[in-house]
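Sequential numbering from 1 applies to the sequence shown in UniProt numbering.
Please keep in mind that the hints were generated in silico from the structure rather than gathered at the bench.
Bear in mind the structure is a predicted one, so any value in this text is a computation, not a measurement.
Fair warning: there could be bad hints in the mix.
Calculated lysine-lysine pairs in the DSSO-like style (CA-CA distance at most 27 Å, straight line) [unchecked claim]:
no.: 1; residue 1: Lys-20; residue 2: Lys-95
no.: 2; residue 1: Lys-51; residue 2: Lys-4
no.: 3; residue 1: Lys-99; residue 2: Lys-35
Beta-carbon label-pair distances, calculated as ranges [said to hold, decoys possible]:
no.: 4; residue 1: Pro-85; residue 2: Glu-61; range: 31 to 39 Å
no.: 5; residue 1: Leu-16; residue 2: Glu-61; range: 24 to 32 Å
no.: 6; residue 1: Ala-13; residue 2: Ser-96; range: 27 to 35 Å
no.: 7; residue 1: Ser-96; residue 2: Ala-49; range: 17 to 25 Å
no.: 8; residue 1: Lys-51; residue 2: Pro-94; range: 19 to 27 Å
Backbone N, C-alpha and C define an ideal beta-carbon position, used for all residues, glycine too.
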Amino acid sequence: MATKSVTDASFAADVLQSDKPVLVDFWADWCGPCKMIAPALEEISEELADKLTIAKMDIMESTEVPAQIGVQSIPLLVLFKGGKPVAHKLGAAPKSQLKGWIESVL
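Based on the provided sequences and hints, a complete structural model is requested.
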């Protein structure tokens with residue numbers, strides 16, 4: 001399963017009410033590091049599809065949720081379990097580091 005796009009309108013249903021943990025990638029089209037990690041997140045979403053969902057939220061199109069969460073820098077990865085944020089990672093990293101971090105916080 002590829003990454004899933006979420007918006008302010010779909011965030012509650014897609015992330016907060018999800019049965020599986022959801023990793024949300026807060027990003028923007030103009031963000032170079034965001035574009036760098038996008039292919040790795042796509043691959044990780046396939047590899048860990050049975051364990052979690054990876055969602056992407058464009059902070060320029062959806063502004064309410066990022067404001068509520070306090071997103072100040074991107075890329076910001078936030079892992080939600082049971083509707084609550086339980087871990088976050090700021091900035092870009094190689095795929096192996098991203099996957100290792102995700103697996104360590106699942």
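Q | Index of numbered hints that the structure contradicts, given in increasing order | A | Checked against the structure, the hints that fail are numbers 4 and 5, while the rest are satisfied.
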